Amino acid sequence: MRSRGASPSGEAYQPRADPPPPQPDLAERLREAVAAFRRFLLECRDERGVVEILAAALGCRREVPTPAGAADLVCGDTVVEVEFEKRPYEGVCQAAFYKVLGGFPRAALVHVRLYRDEKFVNELKALVDYLGLKGKDIRCFVLFVEQGEIVEV
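In numbering that gives the first Met the number 0, the protein residues as written are 0 to 152.
Quick caveat, the hints were computed from the structure, so don't treat them as lab data.
Treat each hint with caution, since some may be false.
[To be verified] With a straight-line cut-off of 16 Å between C-alpha atoms, the simulated EDC-like cross-links for lysine to aspartate or glutamate are:
(1) 118 - 76
(2) 118 - 84
(3) 135 - 76
(4) 85 - 117
(5) 124 - 89
(6) 85 - 46
(7) 85 - 27
(8) 85 - 136
(9) 85 - 116
(10) 124 - 151
The structure presented is a predicted model; accordingly, all values stated were derived computationally and were not measured.
Let the hints inform the model, and build the full structure from the sequences given.
In structure tokens, the structure reads:
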């Protein structure tokens, strides 16, 4: 008599490990969030409001305790640091810190700016390139609310 859970050949049953359905890329999810919540983002006056809107729009958890401190957002296996109307260098080390000490395979930094600023993009890009963040699975985005634009540097 065959034991329960065994296959006809007598081998133990192994559930098929189907990969989870692919998640939309974070950049695409950010684009959708800006399109859907642009008016609300334009009314934000502080980072907390931006984090709450992005958490709801992206389906992420917010203010998540990690060994490295409370992360703004956790979206799947990605920890996300959000900065609102800050300097380009702000948040870079936090994103790296959460990734390394928090044990996340990926991290992202999302700078939210109300209006397009090319100098800001260039400064952040120079920093990202210098630190080699792309090669370390740390993505950096600038979200320009007024224009509804997402730039990955």
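Now for the hints, and whether the structure bears them out:
1. Pair hint residue 118 plus residue 76 does not hold up; C-alpha atoms about 31 Å apart against a cutoff of 16 Å.
2. Taking the CA atoms of residue 118 and residue 84, the gap is near 14 Å; set against the 16 Å cutoff, the hint holds.
3. Simply put, residue 135 and residue 76 have alpha-carbon atoms about 15 Å apart, close enough for the 16 Å limit, and the pair holds.
4. Between residue 85 and residue 117 the alpha-carbon distance is near 14 Å, which keeps this suggested pair within the 16 Å criterion.
5. With a C-alpha separation of about 13 Å, the suggested pairing of residue 124 with residue 89 holds against the 16 Å cut-off.
6. Distance check on the hinted pair: residue 85 and residue 46 sit about 10 Å apart at the alpha-carbon level, within 16 Å; holds.
7. A distance of roughly 23 Å separates the Cα atoms of residue 85 and residue 27; the hinted pair therefore is violated under the 16 Å criterion.
8. The hinted pair formed by residue 85 and residue 136 fails the criterion: a straight-line CA distance of about 22 Å is larger than 16 Å.
9. Between residue 85 and residue 116, the direct Cα distance comes to roughly 12 Å. Compliance with the 16 Å bound is thereby established for this hinted pair.
10. A hinted pair counts as satisfied when its Cα atoms are at most 16 Å apart, and residue 124 with residue 151 qualifies at roughly 9 Å.
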